[in-house]
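Asks: Here the protein sequences come in this chain order: A and B.
By the numbering used here, the letter at position 92 of the first sequence is numbered 120, and the numbering carries on one by one without gaps.
By the numbering used here, the letter at position 73 of the second sequence is numbered 86, and the numbering carries on one by one without gaps.
Simulated from the structure, these hints should not be mistaken for lab results.
Treat the hints loosely; a few may be bogus.
What the hints assert, rightly or not - In silico contact screen, one side only, chain B against chain A (beta carbon under 8 Å); selected entries:
| no. | residue |
| --- | --- |
| 1 | Gln30 |
| 2 | His42 |
| 3 | Gly55 |
| 4 | Phe77 |
| 5 | Glu88 |
| 6 | Gln118 |
| 7 | Pro122 |
Predicted model only: the values in this text are computed from it and were never measured.
For each residue, glycine too, the CB sits at the ideal point set by N, CA and C.
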Amino acid sequence: GIQVEQSPPDLILQEGANSTLRCNFSDSVNNLQWFHQNPWGQLINLFYIPSGTKQNGRLSATTVATERYSLLYISSSQTTDSGVYFCAAFTGGGNKLTFGTGTQLKVEL
Amino acid sequence: DAGVTQSPTHLIKTRGQHVTLRCSPISGHKSVSWYQQVLGQGPQFIFQYYEKEERGRGNFPDRFSARQFPNYSSELNVNALLLGDSALYLCASSLATGGAVGETQYFGPGTRLLVL
């Protein structure tokens with residue numbers, strides 16, 4: 029099956045810093061989602077982004093499907109951005125998501 | 014609008030017991046999927062149901078089963094619990110199966126299961 033890898037695995041930022049999280053996938057995907065998992069376990073939708081670039085406030089994402097990667101940009105990070113960021117890819121038919129390995133982000137004051 | 018809801022929020026069971034987890038999708042959503050997330054890992058796909066039929070199954074033993082009801086809510090059942098079944102169980106809903114293109118998945122808060 030498809031492999032989804034994320035980097036870096038861990039990231040510590042000072043509040044106000046910018047960061048880029050990367051998601052590589054081993055095969056063609058139909059679509060891709062980015063999630064933020066808060067400390068209580070809730071998976072929060074960030075982006076549904078099969079290709080191109082989307083922006084939502086301080087967050088933006090870019091997917092280059094032909095090169096099999098997606099990037100999540102966080103600008104002016106805040107302590108509330110802390111948590112685990114997952115990308116997840118759809119493959120084949122249906123709605124099965126294959127999740128990446130995650131990036132654990134900690135934003136410090 | 015209410016999001017995906019799951020019950021119970023936490024559960025403690027002993028080895029060999031049976032457990033039933035419940036999920037109610039977002040109003041209007043017809044597809045429900047279940048995922049297992051072990052500590053330190055990403056969620057792993059267990060099942061997808063659409064219109065009360067199983068549309069996908071992950072690599073989980075037959076001890077895991079699920080069903081979907083006419084109101085599109087769903088139950089996940091796990092028999093003969095093992096210590097390794099301790100995990101966060103997540104339910105996701107979407108509008109439809111999506112065919113060849115995945116539909117946006119919306120996740121519930123999860124049920125934390127601890128097997129002693």
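Asks: Tell me the numbers of any earlier hints that the structure contravenes, in ascending order.
Replies: Those not satisfied are hints 1, 2, 4, 5.
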